[in-house]
Amino acid sequence: MSAARELDAVVVGGGSFGTTLAALLAENKKRVKIWTRRSEQAKEINKAHANSRYLPGFKLPASLKATADMESAVRAAPIVIVAIPSKSFREVANKVGEFIRGDQVLVHATKGLEVETYKRMSEILREETCSLKVGVISGPNLAVEVMNGYPAGAVIASHYSEVIESVQRLFAGSRMRMYGGRDVTGTELGGAFKNIIALATGVSDGMGFGDNSKALLMTRGLNEMVRYGVALGGNILTFGGLAGIGDLMATCASPLSRNYRVGLGLAAGEKLEAVIESLGQVAEGVPTTAAVHDQATKMGISGDLPIVEEVHAVLYEGRGTLQALKNLMNIPVGDELSALRGGD
Amino acid sequence: MEDKDRERVVVEVTHRVMETYGRDPRTVEQALFDTLYEERLRLKTEKDSEEVKSLSKYYGSVRSQAMKADASGQRELLGDLTKHFTEEVSGHFDRHVYSLATRIMPTVITATLNTLSPLKLIQGLPRGFDTLQDQLILQGEIEALRDLADRGTVVLVATHQSHLDSIMLGWALFKLGLPPFTYGAGMNLFSSKILGYFMHNLGAYKVDRRKKAELYKDVLKAYAGCTIELGYHNMFFPGGTRTRSGAVEQKLKMGLLGMGLDAYIHNLRAKKEKPDVFIVPCTINYELVLEAETLIDDYLKEVGKSRYIITDDEFSKPQVVLDFVRKLFSLNSPIHLTISRPLDVFGNMVDEDGNSIDQRGRVIDRRRYVYRNGRPSFDSQRDKEYTVELASAIADAFHRDTVIKATNLVSSSVYSCLRQQNPDVDLYKLLRAGGSADSIPLTDAYKRIDLTLRSLRRLSDLGKIRMDRTVGRADTVLMMGEALAHFQSFHQHPAIVRHGDRLYHVDRNLIYYYRNRLTGFGMKEVEVGP
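Protein sequence lines correspond, in order, to chains Z and D.
Going left to right, the first sequence walks through residues 1 to 344 as the numbering used here numbers them.
Going left to right, the second sequence walks through residues 1001 to 1530 as the numbering used here numbers them.
A portion of the hints provided could be inaccurate.
To be verified - Below, computed lysine to any residue pairings styled on SDA-like, alpha-carbon distance capped at 25 Å:
#1 K1464/D x M299/Z
#2 K1044/D x D1070/D
#3 K1464/D x K95/Z
#4 K119/Z x D1461/D
#5 K119/Z x R1063/D
#6 K95/Z x R1362/D
Unchecked claim - The following residues of chain Z were derived to be distant from chain D, with all beta-carbon distances above 10 Å:
#7 R75
#8 H159
#9 Q295
#10 R341
I should point out that these hints are in silico values taken from the structure, not numbers from a laboratory.
Glycine is no exception: its CB is placed at the ideal position from the N, C-alpha and C atoms.
Using the sequences and the hints, build the whole thing.
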């Protein structure tokens, strides 16, 4: 029935991170194929070994193949990795659901939430496919750095040992150290949430504040991540790992981070639309801010998330960045670690 | 169970349980002495009888042999104990009643029933069995249940409020023309003549809950698994016991639930013609619960540590049961037995053709979930997670098909008013003393009912709960009348009594009990206070 398949893994999504993961695996001698929505892009990967739109200047391994045919892609491998922006995640997941079967492992590497429903990507995978063995890959993985060949680490979180072990085997020997975890909720929320904080640190850096200010935003941001994540069922310890503080450190301080760059642009007085336009790629933090803000308001915990509130006001309510930072500085100070202690 | 199967089951169960203990001499030794210790401890608390004497002798001899035996000898002794438990469990299956119920025409059965003494009690009802037939509303996926019982093996999993549940289920299966379902029932249930009769009709085997040894529990689980595998439909209450608080069960027992999947994988490996196992959730809802007072009392005494076995409740007194049933029926109070949409062992919905379908309505090849390297395989970690998925689907179904009654809604409104009047009083004090006033204005209660109804209707429109006819009609005055009449009729003290334009909270434990049925649905009108 589930006889040997022709590939080791399939990556669904030809954006920068999807291509990066696929390239990393191909380089690690894994038989891997990438599914792209546009056939021209698949052609470019197959013929020119490049993805000029999302990873300009990088040469992809020749063994890496691409296709725009979902059926042949999904059916070909025991492990399917979905790396699609949250906005079109459901639509693509539904297509994956046409062909995937219950013996396959289905994981995703998308850091965002569905704006309308606040759902996590693994919840969408469960709704749109028959897969039960699902998981999430997350961590500090700036695509360009991985493509440059630098060492990195990530977490594969799943309720199923089979998922964790098979993804670890897939990445074994690569430049990506793949740690295992059980907390799917925390891992997904950490990855989504840090983008909001990256927007804020981008603003802080853009306004010329120093490292102290950035560290303040990041640590208080971590605090908010914990409050939010734990309220939704995440394990507090997860946020101290690669998918929490690890990802926060990389994203909030790197000019390679798209969300950080959006913050920089906003601090320079540019309009949100213009910044996103010039980025040419999705900055997940923008819709995630809306989702987290709305969800936290409904849950009655928005008061616990002042940074989220200010970022939301800057993005969607026309608040000036200086005013937003001033507001944050004016919040009464309390016990620093109350949220981490589980008290408050 | 047929004789040929019985023998097979004993061998198979013994073998499987022994497999789980493996070959490690330390594990075997531990299991052996633990079992002997637990059993000898239990026997000390039992009343002296021939049975107890002979068991004591048996355990004593096993123990002295175990002290001298080497590793393989101890393994053999553990095997003997396992076989002893297995035979005890399977031996209680009453073949005669089983075959009577399966083979003889329903009309003949009715005639036979009427000649049996426990049935005299039921004949005492206004119109005997007809009444039961009128009052028990069997609804939901009845056809699907019938079809699937033919296509594969069905495991019926029901909510559990009262010992009467077993009667209702037995009667319902009989009315549907289905064969009896295998069912592990507590020993105490057999002591009641009426219930004992129905238990047998339900294909019940006796479960001795006083036996605490792990080995015994393993035997019970394996026994259920083997009977499912052999194609005997099973029935059990996944909440494990009657709900003490009155709330709909959401925390389910994983061990027994997982046996459906276990049997399915065994069936696939054995390439059986009909390997499928279908899980069919079912809810039973009453306007009044016979044992309400005992149950809520037990809950409040020791939240979370309720007695697993209650031997002295209302059910142990036949006259009380009869009185209850009579009153329930004279109030024209329907009992709703709702069959939910069937599930596969992974928690996916199953359609009318027996296909598993995903949440987008696409047919799933469910065998694939257990395939690894081209063949069906066991993987205990994976299978445990699959069972978590199943449990969550069952818990959802239990909520979706809960039928809310007037007593629930009226109790909830009175409790909310009480809470509002006494915001700072802790639950126990409030229930015991009743707070600052002994009554609430009727109009306040009406207002509360209206508010809660609005939420209820929203949930019901979304298919997340059901309302019975009176509640659905939204006539608050009628609803109040119906609830008060029920409260007046049976319990020692009526929960709520009306005098003029005020409602007096008389038995607040009962109010709390009936109100708890509405908790867990996320209705803010209900979830006030602790």
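The hints, checked one at a time:
1. At most 25 Å may separate the alpha-carbon atoms for a hinted pair to count; K1464/D and M299/Z meet this at roughly 21 Å.
2. The hinted pair formed by K1044/D and D1070/D fails the criterion: a straight-line CA distance of about 28 Å is larger than 25 Å.
3. Proximity of K1464/D to K95/Z is assessed by CA-CA distance (about 28 Å); at most 25 Å being required, the pair is judged violated.
4. Note on K119/Z and D1461/D: the hinted pairing holds, with a Cα-Cα distance of about 23 Å set against a maximum of 25 Å.
5. Note on K119/Z and R1063/D: the hinted pairing is violated, with a Cα-Cα distance of about 58 Å set against a maximum of 25 Å.
6. Proximity of K95/Z to R1362/D is assessed by CA-CA distance (about 12 Å); at most 25 Å being required, the pair is judged to hold.
7. Look at R75/Z: its CB is around 12 Å from the nearest CB on chain D, clear of 10 Å, so calling it non-interface holds up.
8. Non-interface status of H159/Z relative to chain D is broken: a Cβ of that chain comes within 10 Å, the nearest being about 5 Å off.
9. Distance check on Q295/Z: its Cβ is at least 15 Å (rounded) from any Cβ of chain D, clearing the 10 Å threshold; non-interface status holds.
10. With a minimum CB-CB distance of about 23 Å to chain D, R341/Z clears the 10 Å threshold, and the non-interface call stands.
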